[in-house]
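Use these hints to put chain A onto chain B, whose structure you have.
Just so you know, the protein sequences line up as chains B and A, in that order.
The numbering used here puts the first residue of the first sequence at 1, with every later residue one more than the last.
The numbering used here puts the first residue of the second sequence at 1, with every later residue one more than the last.
If you are wondering where the hints come from, they were derived from the structure by calculation, not from laboratory data.
None of these values were measured; they are calculated from a predicted model.
Beta carbons: idealized from backbone N, C-alpha and C, even for Gly.
Certain hints may be false.
As the list claims (entries may be wrong) - Here are the simulated DSSO-like cross-link-like pairs (lysine-lysine), alpha carbons at most 27 Å apart as the crow flies:
hint, chain 1, residue 1, chain 2, residue 2
1, B, Lys203, A, Lys14
2, B, Lys3, A, Lys234
3, A, Lys234, B, Lys73
4, A, Lys67, B, Lys145
5, A, Lys14, B, Lys128
6, A, Lys303, B, Lys203
7, A, Lys241, A, Lys303
8, A, Lys404, B, Lys14
What the hints assert, rightly or not - Non-contacting residues of chain A with respect to chain B, defined by C-beta distances greater than 12 Å in every case (computed):
hint, residue
9, Val59
10, Val78
11, Ser100
12, Leu188
13, Thr214
14, Leu250
15, Gly276
16, Phe300
17, Ile301
18, Pro313
19, Asp407
20, Arg415
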Amino acid sequence: MLKINGLTKGFGDKKVLDSLYLEVNEASIFGLVGVNGAGKSTMLRCISGIYEPDGGNVEFNGTDTYKDEAIRKDIFFVNDDPYYPMASSIRTLKEFYGSYYSLNEKAYRKYLDLFHLDENKPINSFSKGMKRQTLLLFALAIRPKLLLLDEAFDGLDPIVRLDLKKALYDFIQDDQATVIISSHNLKELEDICDSYGILENGKISTYGDLLESKANINKYQLAFNKTIDESCFEQFEILHQAKEGSVYSFVIKGDRNEVEEKLSKLEPLILDVLPVNFEELFIYEHEGGRN
Amino acid sequence: MICKSYFDYLCKSKKYLLIFIFLVSLLIGFSTRNLWNDYLGLALQGILSVILSFVLPAVVFYHVHNKKACDMYFSLPVSRKQLLCTGVLFCVTCIYVPLSCMIVYQGIANALGLKILLIALIEALIACVSVVVFNLCIYMSANTLVDGIVMMGAYSFLPLAVYSVISNFYYNFVAGINYISLDQVKYLSPIYMSFEMLADAVGAKKIALLCLITLIIYVLVFGYLCFRHYVLRKAERAETKSDGFFCYPLVISLYLLLSIFTISTNFGVRSPRYAGLSEFLKEQFILYVLLFAVYMAAHFIYKRKFYFTYKMPVFFILAMVLSLCFASAGRSTKGFGLAQHYDMAQGKDYCMINCWNEAGDGDRTYIDLIEKETGTKADYVSVYIEINRWHGMPGLEMSEETSKIIDELRKQGIREYYSDEREKTFTASMSIQDTESGMYYNYELMQRPDVESIRRLAKDPVVKVTFATEYGEYRMTNSGLLKMTEQYYMDPVAD
Numbered sequence: 001m002l003k004i005n006g007l008t009k010g011f012g013d014k015k016v017l018d019s020l021y022l023e024v025n026e027a028s029i030f031g032l033v034g035v036n037g038a039g040k041s042t043m044l045r046c047i048s049g050i051y052e053p054d055g056g057n058v059e060f061n062g063t064d065t066y067k068d069e070a071i072r073k074d075i076f077f078v079n080d081d082p083y084y085p086m087a088s089s090i091r092t093l094k095e096f097y098g099s100y101y102s103l104n105e106k107a108y109r110k111y112l113d114l115f116h117l118d119e120n121k122p123i124n125s126f127s128k129g130m131k132r133q134t135l136l137l138f139a140l141a142i143r144p145k146l147l148l149l150d151e152a153f154d155g156l157d158p159i160v161r162l163d164l165k166k167a168l169y170d171f172i173q174d175d176q177a178t179v180i181i182s183s184h185n186l187k188e189l190e191d192i193c194d195s196y197g198i199l200e201n202g203k204i205s206t207y208g209d210l211l212e213s214k215a216n217i218n219k220y221q222l223a224f225n226k227t228i229d230e231s232c233f234e235q236f237e238i239l240h241q242a243k244e245g246s247v248y249s250f251v252i253k254g255d256r257n258e259v260e261e262k263l264s265k266l267e268p269l270i271l272d273v274l275p276v277n278f279e280e281l282f283i284y285e286h287e288g289g290r291n
Numbered sequence: 001m002i003c004k005s006y007f008d009y010l011c012k013s014k015k016y017l018l019i020f021i022f023l024v025s026l027l028i029g030f031s032t033r034n035l036w037n038d039y040l041g042l043a044l045q046g047i048l049s050v051i052l053s054f055v056l057p058a059v060v061f062y063h064v065h066n067k068k069a070c071d072m073y074f075s076l077p078v079s080r081k082q083l084l085c086t087g088v089l090f091c092v093t094c095i096y097v098p099l100s101c102m103i104v105y106q107g108i109a110n111a112l113g114l115k116i117l118l119i120a121l122i123e124a125l126i127a128c129v130s131v132v133v134f135n136l137c138i139y140m141s142a143n144t145l146v147d148g149i150v151m152m153g154a155y156s157f158l159p160l161a162v163y164s165v166i167s168n169f170y171y172n173f174v175a176g177i178n179y180i181s182l183d184q185v186k187y188l189s190p191i192y193m194s195f196e197m198l199a200d201a202v203g204a205k206k207i208a209l210l211c212l213i214t215l216i217i218y219v220l221v222f223g224y225l226c227f228r229h230y231v232l233r234k235a236e237r238a239e240t241k242s243d244g245f246f247c248y249p250l251v252i253s254l255y256l257l258l259s260i261f262t263i264s265t266n267f268g269v270r271s272p273r274y275a276g277l278s279e280f281l282k283e284q285f286i287l288y289v290l291l292f293a294v295y296m297a298a299h300f301i302y303k304r305k306f307y308f309t310y311k312m313p314v315f316f317i318l319a320m321v322l323s324l325c326f327a328s329a330g331r332s333t334k335g336f337g338l339a340q341h342y343d344m345a346q347g348k349d350y351c352m353i354n355c356w357n358e359a360g361d362g363d364r365t366y367i368d369l370i371e372k373e374t375g376t377k378a379d380y381v382s383v384y385i386e387i388n389r390w391h392g393m394p395g396l397e398m399s400e401e402t403s404k405i406i407d408e409l410r411k412q413g414i415r416e417y418y419s420d421e422r423e424k425t426f427t428a429s430m431s432i433q434d435t436e437s438g439m440y441y442n443y444e445l446m447q448r449p450d451v452e453s454i455r456r457l458a459k460d461p462v463v464k465v466t467f468a469t470e471y472g473e474y475r476m477t478n479s480g481l482l483k484m485t486e487q488y489y490m491d492p493v494a495d
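Only chain B is shown next, with the shape it has when bound in the complex:
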């Protein structure tokens, strides 16, 4: 289990992570979302032991990931812009990673074929997407207990994205591993994540089970044939609202049945309830947080 205890990290005067607490269970895919500059990459680098926390710590299975390098054998970090040593090929990288991690040869061959990569070609001649696939190949072949993916779907074509999602499913299922994915592509995250966290102002402002959270936030459309006192909506936790003529649109946080029952008491002409997707969830949560 990954446990982040009061993690604080700043660069100069800027505090990027501020007493951040989070727990991620094993055998789960955690989607880390946040606006640009929220500190997602910083958080992943702190988890992987690259950055030294200014305060707090990160523990994976009870071991500090910065202080104890041995635990990093179980952690693999795929950053948003991978580095490859000059003139290296997949074969040379295999030697490199193979000497530090226990590399699964079968998985290596499988994903090498799946991604259609030439292991002898210099990586510098690869496209951006191929370079990314190369590191993903090693991530899946090393089969770490904690896989950290920063902007995992960037630069990948739709077919590879699909392959990657399937590979991650299999990986979780077979190895009971934990995956943390940060991405701006929330539609992709929605397909694979079972839990999520929104990073805002250096803290995880919202987190939880994705399905539960989605069920807890809904879009309500109401139309009235009479003038209505808008103060009656104050009883709801409204994340977003709009009005067009006599039609009201609300995004309300709360139990769907309870909200629906309360809204029905206002005797609307029409009452429609629509589910929100992950992207909307993020936008409305973020808006709500800002308001």
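The following block gives chain A in isolation, referenced to the frame of chain B:
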């Protein structure tokens, strides 16, 4: 401490560099096979080692200056201590193995003996480690590759810059000292010390103990600093401004101070054309302006943008005022009295007095001397009196009288240096070399030593006299000289 996997990876990934080092070393050994006695091969291998001591740390530890590479290396399940030690071991091995092969190769050819060979090999190892950790520490004090290279260059040239300022000060302010030996600043440079130590080991077959101890101190101090710069390094420093104290802030300030002192010390006793400070500033103004421009350019390189704060001109002006105060003090105190700090009674190892010939009656004695001896009428004649006194050689102790004459001449030289007469052409000079400290004193004499002094000097058995004409040099024996001086000085030839 060492990570074998990482060492293997380094060997494999840097195989082309290793092949290059091997081939160049082989070429050096092959091309100098007939020049064994000169240790040319070892000298060339030393130069290659110096180049590698800059290149290898930059290549092996490139990842500290690259954000993406930091992600890769610092997330590995290997401790930073292991990465550091393995990296240093790789650098030292790449330099030491070919160097030690060359030492053994030339040592055998020169029949050095096992003991000396072993000493040379141990000293070479300490030299390699010290130079690598020194360069690596400086490289890692920066935050980008370019800054790392700039810092290595800046710190490597620092001893020369310090030397240049000290030398300039002595030249301008202190009578008798025109230049100082590089030995004075050698302890600032592990490269210089390493060369000297190895040269002493294979050439003079002795241990340069002070150099050896200093290099061991370098290994300990810079090894610890490498630990701080790498193991305790914040990964986020990569690709940011190199604003650590020992980086640009110190380097720019140091070089500014050294440069400004070099310019200001020209306002010294040696430059009588500057009657006063205002006259000096008027002439040197352009140099100060140029230096300020360079100072601004250095800040541009440091900040990667045009940068100006009031602190910059304030610091520059303060440095200028400070250096000018120093120069004025040096001028008014006649070099802070440093010219007097010389005790002839201690005895120096080598002294030479040159008397140049001039047209005129005053030179007749010398001309007559040379004509009589060589049968040649010379257009010009110089008389050199060499006084050699080698420590521990029985029967060759310089007499008290000789010592007294030399001391008198030295005092005359100091007097004339600080007098208003110093612009006149000098007609004689006296140089004294202390082979122990390496110091070299040179006094220009406006008034030549009188004939009586020369005669008294020539009586000393440690004195040798050489007459130089355009047809060649004629060195006279002591007895020959004595005979001549007796004959001609006691009974000078009439015109």
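Results of checking the hints against the structure:
Between lysine 203 of chain B and lysine 14 of chain A the CA atoms are separated by roughly 43 Å; this puts the pair beyond 27 Å, and the hint is violated. With a C-alpha separation of about 22 Å, the suggested pairing of lysine 3 of chain B with lysine 234 of chain A holds against the 27 Å cut-off. The hinted pair formed by lysine 234 of chain A and lysine 73 of chain B meets the criterion: a straight-line CA distance of about 21 Å does not exceed 27 Å. For the proposed pair lysine 67 of chain A and lysine 145 of chain B, the alpha carbon gap of about 25 Å is at most 27 Å, so the pair holds.
About 25 Å separates the Cα atoms of lysine 14 of chain A and lysine 128 of chain B, which keeps this hinted pair within 27 Å; it holds. Straight-line distance between C-alpha atoms of lysine 303 of chain A and lysine 203 of chain B comes to about 32 Å, which puts the hinted pair past the 27 Å bound. About 7 Å separates the Cα atoms of lysine 241 of chain A and lysine 303 of chain A, which keeps this hinted pair within 27 Å; it holds. Restraint check for lysine 404 of chain A and lysine 14 of chain B: the C-alpha separation of about 74 Å exceeds 27 Å, so the hint is violated.
Non-interface call for valine 59 of chain A relative to chain B: violated, since the shortest CB-CB distance, roughly 9 Å, does not exceed 12 Å. The beta carbon of valine 78 of chain A is not kept farther than 12 Å from every beta carbon of chain B, the shortest such distance being approximately 6 Å. Non-interface call for serine 100 of chain A relative to chain B: holds, since the shortest CB-CB distance, roughly 28 Å, exceeds 12 Å. Non-interface call for leucine 188 of chain A relative to chain B: holds, since the shortest CB-CB distance, roughly 33 Å, exceeds 12 Å.
At the 12 Å boundary, the C-beta of threonine 214 of chain A stays outside the reach of chain B, the nearest C-beta of that chain being 34 Å off. The Cβ of leucine 250 of chain A lies farther than 12 Å from every Cβ of chain B, with a closest approach of about 20 Å, so its non-interface assignment holds. The Cβ of glycine 276 of chain A sits about 50 Å from the closest Cβ of chain B, beyond the 12 Å cut-off, so the non-interface label holds. Under the 12 Å C-beta cut-off, the non-interface status given to phenylalanine 300 of chain A relative to chain B holds; the minimum distance is some 21 Å.
Every Cβ of chain B is farther than 12 Å from the Cβ of isoleucine 301 of chain A; the closest lies at roughly 21 Å, confirming the non-interface assignment. Even its closest Cβ contact with chain B, about 27 Å, leaves proline 313 of chain A beyond 12 Å, as expected for a residue assigned away from the interface. Interface exclusion of aspartate 407 of chain A from chain B stands, the closest Cβ pair being 64 Å apart, more than 12 Å. Residue placement check: arginine 415 of chain A keeps its beta carbon more than 12 Å from all beta carbons of chain B (closest about 62 Å).
In this structure, the hints that do not hold are numbers 1, 6, 8, 9 and 10, in rising order.
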